[in-house]
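2 protein chains.
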Amino acid sequence: MNEVKHISFFEVASKVLKALGHPERLRIVEYLQAGEQNVGNIQQEIGLSQPITSQHLRYMQRHNILTSRREGTRLYYFLASDLIRKLLDCMHSCKVSLDSGDMQVGDIFPETKRSI
Amino acid sequence: MNEVKHISFFEVASKVLKALGHPERLRIVEYLQAGEQNVGNIQQEIGLSQPITSQHLRYMQRHNILTSRREGTRLYYFLASDLIRKLLDCMHSCKVSLDSGDMQVGDIFPETKRSI
DNA sequence: GACATATATAGTGGAAACACTATATTGGTG
DNA sequence: CACCAATATAGTGTTTCCACTATATATGTC
Numbered sequence: 000m001n002e003v004k005h006i007s008f009f010e011v012a013s014k015v016l017k018a019l020g021h022p023e024r025l026r027i028v029e030y031l032q033a034g035e036q037n038v039g040n041i042q043q044e045i046g047l048s049q050p051i052t053s054q055h056l057r058y059m060q061r062h063n064i065l066t067s068r069r070e071g072t073r074l075y076y077f078l079a080s081d082l083i084r085k086l087l088d089c090m091h092s093c094k095v096s097l098d099s100g101d102m103q104v105g106d107i108f109p110e111t112k113r114s115i
Numbered sequence: 000m001n002e003v004k005h006i007s008f009f010e011v012a013s014k015v016l017k018a019l020g021h022p023e024r025l026r027i028v029e030y031l032q033a034g035e036q037n038v039g040n041i042q043q044e045i046g047l048s049q050p051i052t053s054q055h056l057r058y059m060q061r062h063n064i065l066t067s068r069r070e071g072t073r074l075y076y077f078l079a080s081d082l083i084r085k086l087l088d089c090m091h092s093c094k095v096s097l098d099s100g101d102m103q104v105g106d107i108f109p110e111t112k113r114s115i
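Chains as they are written, first to last, in numbering that gives the first Met the number 0: chain A, 0 to 115; chain B, 0 to 115.
Bear in mind the hints are in silico, worked out from the structure with no lab data behind them. Some clues are possibly wrong.
To be verified - With a cut-off of at most 25 Å between alpha-carbon atoms, the simulated DSS-like pairs for lysine-lysine come out as follows: (1) A:K94 with B:K17; (2) B:K94 with B:K17; (3) A:K94 with A:K14; (4) B:K85 with A:K17; (5) A:K85 with A:K17; (6) A:K94 with B:K85; (7) A:K94 with B:K14; (8) B:K94 with A:K14; (9) A:K17 with A:K94; (10) B:K85 with B:K14; (11) B:K85 with A:K14; (12) A:K17 with B:K17; (13) B:K14 with A:K17; (14) A:K85 with B:K94; (15) A:K85 with B:K85; (16) A:K85 with A:K14; (17) A:K85 with B:K17; (18) A:K14 with B:K17; (19) B:K17 with B:K85; (20) B:K14 with B:K94; (21) A:K85 with B:K14; (22) A:K94 with B:K94; (23) A:K14 with B:K14; (24) A:K17 with B:K94.
Let the hints inform the model, and build the full structure from the sequences given.
This is the structure:
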């Protein structure tokens, strides 16, 4: 048997986008751009409870955003693929555009202003 | 009064990503990259029912992905901001990388193969 | 105003996401 | 094996998403 599911770019991309579509997960993933980190560090950096942190990490692993590697009692998570890295690069350049004032958050979300 | 909500880049970006995290919505938005289209055309192009098409469009309008313009009995939808356009450009270059073989879908979703 | 066309909205049921509390598992060390 | 630290999972209630059917609204034309 060994059935292989065929999947279009839109399915691939939308799954990734959806999995990144949560502010804390986006923070985590941006943090991991600099390199792998264990759960404790991620939790502390982002400021979430332990179970929530673990849930988000597992969720992203299930959705092929992250992979993990065990080292003794610690679990290190890291970005799973070049597509993810590429997407994050893009997000970053969007962020830069926003920060430089080329774009305005108000263009995107009226009645809001940027903080940080 | 006139309270202004402050919102971080992560909130802005994650909302956009989440709203794009659906294969049909991604198809719609890619279709609209070429320019505005009315609901009927979008429906026919993507192959969805009329209410579903309208729902997705309204959803994306609520999430500041799209804007609309009425012309007689027709409603034309179009991309709402440069951030969206920039993100789509990025998705497109990711797609190109996938197609050119620099990246593999298998890297992202094991047990799958690309179609189209 | 009657009617047709284009589009939106309401209602509904099921699935998934989310945040939270409590508990379990895994690996290391004495 | 007992115990500790790190992490995962189960259970729960709430909210949001999603697809679908049926109905409503808006605009243009006669």
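Under the constraints set out in the numbered hints, which ones does this structure not fulfil? Hint check: nothing fails, all pass.
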